[in-house]
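Can you make the complete structure from the sequences, with help from the hints?
Chain residues, written in single-letter form:
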Amino acid sequence: MTSSQTHTLEHKRSQEAARRLSDGQFAVLLLLPGVALLAGVVLYPLVAALVTAFFEQSLVLPGRTFVGLQNVVDVLQGDFLRLLGQTMVFTVGTTVLPFVIGFALALALNTRIRGAKVLRGLMLIPWLVPGVVVSFLWMWIFNANYGVMNALLQSIGLIDEPQAWLAQPGTAMGAVVLAKTWQSFPWMMVMLLAGLQTVPVELHEAAEMDGAGTVRRFFAITMPHLKGIVGLVVLLEFIWNFQHFDIIYVLTGGGPAGATQTFATAVYETAFHGFDLGKAGALGLLWMVLLMALVVVYVRFSEKGEKR
Amino acid sequence: MSLTLPPALTGTAMSRRRMLQLLGIGAGTAAVAACAPSAGSPTGAATAASAAAGAKTDFAFSSWSFTEEAAAPALEAIVAAYQDKEGVAISDVSFPYNEYINQLTLQVKGGQFAGAAHVDVAWLGSLAAMGKLQDLSALAEGRGYTEAALTAAQYDGTQYALPWTIGAIGLVTNSELLQKVGVENDAFPATIDEFETTLKDLKKLGGGLIPYAASTKAAQLKDILIWMQTFGSPLVEGDTVTIGDDASVEAVTWYKSLYDQGLIAPDVDRFDARSLFAQGRAAIYDDAPVGRGAVTEESPDKDLASKLNPVPRPVLKAGDTPRALVWGGAIAVVDGEGAATAADFAQFATSDLDTVLADYEVRGLPPVTTEALESDVVASDTFGSLFSERITATSTTNPFWAFTAYSQIETEIAEQVQAVLVGKTDPKTAMQAAGEAAQGLIG
Amino acid sequence: MSATTLDATPTPSTPPPSRPVPSATPAPRRRRGALRSERPGVRIAAWATVVVCGGFGLLPVYWLLATSLTPRDQVFAYPPRFFPAAPTLDAFAALASNEQLFVYLRNSVIVSVVTAVLSVLVSAYMGYSFSKFRYRGRRSLMYLVLASQMFPQALLLITLYSVFSAYGLLNTYTAMVLSFTTFTLPLCVWMLKGFFDTIPDELVEAARVDGASRLRIIHSIVLPLAAPGLIAAGLFAFVRGWNDFVFALTLAGPEKQTLPPGLVNTFIGEASTAWPELMAASLVVSLPVAIAFIALQKYLVGGLTAGAVKG
Chain A
4 MTSSQTHTLE HKRSQEAARR LSDGQFAVLL LLPGVALLAG VVLYPLVAAL VTAFFEQSLV
64 LPGRTFVGLQ NVVDVLQGDF LRLLGQTMVF TVGTTVLPFV IGFALALALN TRIRGAKVLR
124 GLMLIPWLVP GVVVSFLWMW IFNANYGVMN ALLQSIGLID EPQAWLAQPG TAMGAVVLAK
184 TWQSFPWMMV MLLAGLQTVP VELHEAAEMD GAGTVRRFFA ITMPHLKGIV GLVVLLEFIW
244 NFQHFDIIYV LTGGGPAGAT QTFATAVYET AFHGFDLGKA GALGLLWMVL LMALVVVYVR
304 FSEKGEKR
Chain B
73 MSLTLPPALT GTAMSRRRML QLLGIGAGTA AVAACAPSAG SPTGAATAAS AAAGAKTDFA
133 FSSWSFTEEA AAPALEAIVA AYQDKEGVAI SDVSFPYNEY INQLTLQVKG GQFAGAAHVD
193 VAWLGSLAAM GKLQDLSALA EGRGYTEAAL TAAQYDGTQY ALPWTIGAIG LVTNSELLQK
253 VGVENDAFPA TIDEFETTLK DLKKLGGGLI PYAASTKAAQ LKDILIWMQT FGSPLVEGDT
313 VTIGDDASVE AVTWYKSLYD QGLIAPDVDR FDARSLFAQG RAAIYDDAPV GRGAVTEESP
373 DKDLASKLNP VPRPVLKAGD TPRALVWGGA IAVVDGEGAA TAADFAQFAT SDLDTVLADY
433 EVRGLPPVTT EALESDVVAS DTFGSLFSER ITATSTTNPF WAFTAYSQIE TEIAEQVQAV
493 LVGKTDPKTA MQAAGEAAQG LIG
Chain C
118 MSATTLDATP TPSTPPPSRP VPSATPAPRR RRGALRSERP GVRIAAWATV VVCGGFGLLP
178 VYWLLATSLT PRDQVFAYPP RFFPAAPTLD AFAALASNEQ LFVYLRNSVI VSVVTAVLSV
238 LVSAYMGYSF SKFRYRGRRS LMYLVLASQM FPQALLLITL YSVFSAYGLL NTYTAMVLSF
298 TTFTLPLCVW MLKGFFDTIP DELVEAARVD GASRLRIIHS IVLPLAAPGL IAAGLFAFVR
358 GWNDFVFALT LAGPEKQTLP PGLVNTFIGE ASTAWPELMA ASLVVSLPVA IAFIALQKYL
418 VGGLTAGAVK G
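Chains as they are written, first to last, in our numbering: chain A, 4 to 311; chain B, 73 to 515; chain C, 118 to 428.
The hints are simulated quantities; they were obtained by calculation from the structure and are not laboratory data.
One or more of the hints may lead you astray.
Pair by pair, the computed Cβ-Cβ distance ranges are [said to hold, decoys possible]:
1. 157/C / 209/A: 18 to 26 Å
2. 157/B / 293/A: 53 to 61 Å
3. 223/A / 280/B: 37 to 45 Å
Where chain A lies over chain B, by a calculated footprint (3+ residues, C-beta under 8 Å) [what the hints assert, rightly or not]:
4. 189 to 203
5. 340 to 348
6. 374 to 386
All C-beta atoms in this analysis are idealised placements derived from N, C-alpha and C, irrespective of residue type, glycine included.
Right under this line is the structure:
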């Protein structure tokens with residue numbers, strides 16, 4: 004990307020000659036602070052961590068030994084597939100659910116109902132409560148022995164007996180996904196609400212005069228305008244959730260019996276409890292490869308869709 | 073507490089050169105990627121001992137208790153007393169309890185921390201592995217530390233820390249509730265069978281009472297190890313993990329039956345157990361002496377303190393020695409700036425009689441010198457003395473602590489036990505899997 | 118996906134304002150957003166959504182509030198009381214008298230504000246480069262920026278710790294600000310790029326013909342035009358710094374500690390958790406930001422409007 008190419012502003016080169024930097028060089032210069040940050044804070048530590056995948060290395064013991072692909076093989080022979088499956092369930096769940104709730108709320112609060120403005124503000128609170136408190140709050144809500152969830156559901160007659168939401172393999176993942184959803188739907192809502200503002204009202208009004216119903220206008224007018232923002236928030240949310248850690252860790256610690264273990268909790272467990280940096284690095288390496296592949300597929304797919 | 077206020081923002085803005093250096097590293101060499109492990113220098117007891125006698129210097133002291141409402145005053149008093157006595161400044165370092173060992177590990181490994189560090193005795197093995205803890209055996213002599221306390225703060229035969237507050241984890245009961253089923257304070261069921269009968273009686277009291285708030289959440293399921301030992305499993309022999317043997321399988325089978333009968337409850341960890349107990353909704357639970365303050369403070373029953381009754385853990389057959397797990401805090405000294413004075417401080421904080429007794433008044437944690445244990449203040453505390461007599465007296469360390477990966481070993485076992493509790497697998501298969509996993513981590 | 122939309126040559130929806138542009142507000146746009154009149158069915162659906170989804174959003178917030186008003190010895194009462202029997206402001210009073218919390222608060226404000234400013238600047242440059250120039254590797258780099266979020270944080274943390282340690286940056290605001298800024302780049306860069314796409318090239322070109330330097334064009338023409346977008350990006354970056362737990366805990370050291378680890382350190386102890394105080398503190402730290410959001414809403418929405426959203 005260092006070599007300069009064409010500029011979108013096609014204009015006189017004579018003016019350019021007077022300047023010290025070419026457009027290309029200037030463009031690269033603008034990138035520098037960000038690229039430097041990414042290189043220093045993400046890329047370098049990332050490569051350093053990935054390199055440990057090929058070593059037997061401990062967090063506490065000095066020294067390390069090269070072991071080639073042994074760690075990767077070990078990880079693949081472990082319960083890698085189960086981890087992958089659970090990670091996908093968590094990631095997809097915590098991407099789709101906040102999207103649905105956030106979108107529904109954005110649509111609702113984009114109408115002229117009374118109090119929409121204040122509600123938009125109030126709905127942000129879950130996003131603003133410190134993340135670590137979110138985990139503890141939900142752990143507390145879901146607790147089998149004194150949680151308010153049981154009390155609430157019992158009082159409206161949905162359940163007879165208190166349930167151990169976080170301690171049953173069947174409900175633990177759902178509970179964790181719900182807690183994470185609560186934390187991230189406001190962000191989705193804000194972004195989508197903003198997206199809705201870009202939809203020209205005239206288009207709706209014209210369509211309405213032509214007799215198009217609400218649903219039809221939604222798909223014919225609203226959705227096409229939102230494509231860009233929907234793509235961006237869904238992709239980012241997916242990436243963030245893939246590596247989300249603290250809510251799962253506080254709520255279930257990956258349990259019961261490993262039912263909510265994801266790559267992120269497994270890496271933490273391996274690095275900080277097992278002190279096994281090599282295996283943690285191997286998990287990270289596999290994760291990286293997988294996610295990259297997914298994103299490439301996603302981008303290819305969506306670009307094809309665009310070109311048609 | 074000597075709180076150093078953060079300098080103004082401008083004061084910490086990094087120099088331009090630094091910035092360039094930092095940014096430069098990314099541009100270049102990913103190849104140098106190793107987060108090079110810093111080799112620890114083994115230190116002899118001589119360093120600590122000789123320097124302790126020399127000039128005193130400033131040092132750092134880390135503890136998770138510096139910001140804890142209940143415990144902080146005790147620590148501040150100790151720090152203040154030492155600062156006055158020696159004319160040095162102690163800077164305090166604090167991390168939340170749950171994150172403490174990870175943070176301390178990173179700090180010590182990165183050479184960022186030197187000085188005195190408050191540690192849980194369970195962590196000594198993994199901290200010592202980094203090779204930066206001083207051998208404090210020279211300081212352990214002639215101060216009246218009990219033999220048991222000194223042993224608890226050793227790892228692999230070396231005195232890597234001075235014991236500070238050593239007790240055990242044992243059963244704590246609500247005597248009022250137990251009396252309702254006819255169990256008097258000094259007549260707690262001695263065997264597991266009798267114990268189970270008592271639990272059933274408690275269950276019959278109704279009202280949603282949880283007879284025994286045993287740990288069932290993954291984070292605390294390691295509590296089951298002591299029951300495995302009670303059933304006769306050694307857990308580890310030499311370098312061989314014995315989990316998967318008959319005793320461990322029986323223990324898990326029994327635990328599962330308690331779970332299925334509702335004698336223990338799902339979704340309980342130590343914090344939950346304390347809360348349930350404080351509310352009078354649990355009659356028995358496992359705890360260390362540190363839980364007393366939390367339980368009494370959270371309880372709407374202002375008399376709860378007088379109803380707390382520590383009891384010996386039931387045994388498999390009458391006559392066996394009750395099992396209990398050593399629990400406690402110690403002060404270790406990490407090599408580096410001020411380490412010598414920090415070692416002297418460690419000795420002062422843990423064995424100076426006045427200091428220790430003042431600490432006891434606030435925190436109520438068992439002291440470690442004979443002198444302190446025999447003092448009026450400590451001896452007149454019924455709960456404390458019963459606890460040490462019935463529980464601490466026969467306590468042993470967890471054999472897994474000897475391995476650096478002990479924490480993940482406990483997690484692996486906990487996960488398998490949980491699988492049994494929720495009915496995903498049977499005790500035998502689970503314990504064999506747990507044993508294999510633990511063996512793999514031991515290497 | 119927004120990829121190709123973002124690349125599409127922007128259709129100028131705004132006529133280029135006459136230059137030199139004063140700290141400009143974008144020229145009036147077409148009316149967007151809500152319809153003037155709505156069918157009854159739409160209103161009912163909207164209300165139903167607000168009740169269901171809003172209930173999901175706000176009930177836990179209510180529980181946070183109710184807990185903060187409950188005395189410590191009743192917090193675990195069963196069954197839980199939906200309305201505290203003897204509400205008390207003790208927990209809030211305890212906060213006000215805890216000096217250490219104010220230190221955490223100040224650290225949080227400093228770190229989040231600096232992160233927001235730095236993040237906006239860096240992302241604006243980067244986004245502008247992506248938006249207005251064409252060069253080889255541009256697209257790959259844009260995706261690389263996104264990909265930088267994919268790595269497990271626990272591993273990143275361990276190596277990042279040694280990096281900052283090597284440069285003597287541990288226990289500084291700098292370490293936190295640099296990390297948080299980097300973590301906000303993907304969203305901010307993409308968002309601002311989309312925003313710049315809507316600024317007509319003609320406008321930039323006109324300024325160049327006038328002899329304005331390229332940096333000057335960015336600073337005095339493009340950025341003011343993009344002000345709402347910058348605010349939106351800044352708010353996002355602010356919240357990222359405001360909420361972070363594990364990096365703040367690890368990189369900040371005890372004295373530069375921010376609120377999230379500070380709250381845990383203060384209220385979640387070895388033996389017990391001070392629930393009412395923890396909840397009270399959470400409310401106290403999130404409300405000002407929520408109010409700021411409401412106040413800045415029109416800028417925020419305006420910013421997003423023309424930004425990533427539109428493409």
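Results of checking the hints against the structure:
1. 157/C / 209/A: 18 to 26 Å: At 21 Å between Cβs, range holds.
2. 157/B / 293/A: 53 to 61 Å: holds, 59 Å
3. 223/A / 280/B: 37 to 45 Å: For residue 280/B against residue 223/A, whose Cβ atoms are near 57 Å apart, the range 37 to 45 Å is violated.
4. 189 to 203: As far as the stretch 189 to 203 of chain B goes, the hint holds, because 5 residues have Cβ atoms under 8 Å from chain A.
5. 340 to 348: Per the Cβ count (4), the hint holds.
6. 374 to 386: Violated, because only 0 residues of the stretch 374 to 386 of chain B bring their Cβ atoms closer than 8 Å to Cβ atoms of chain A.
Hint compliance for this structure: hints 3, 6 are not met, and every other hint is.
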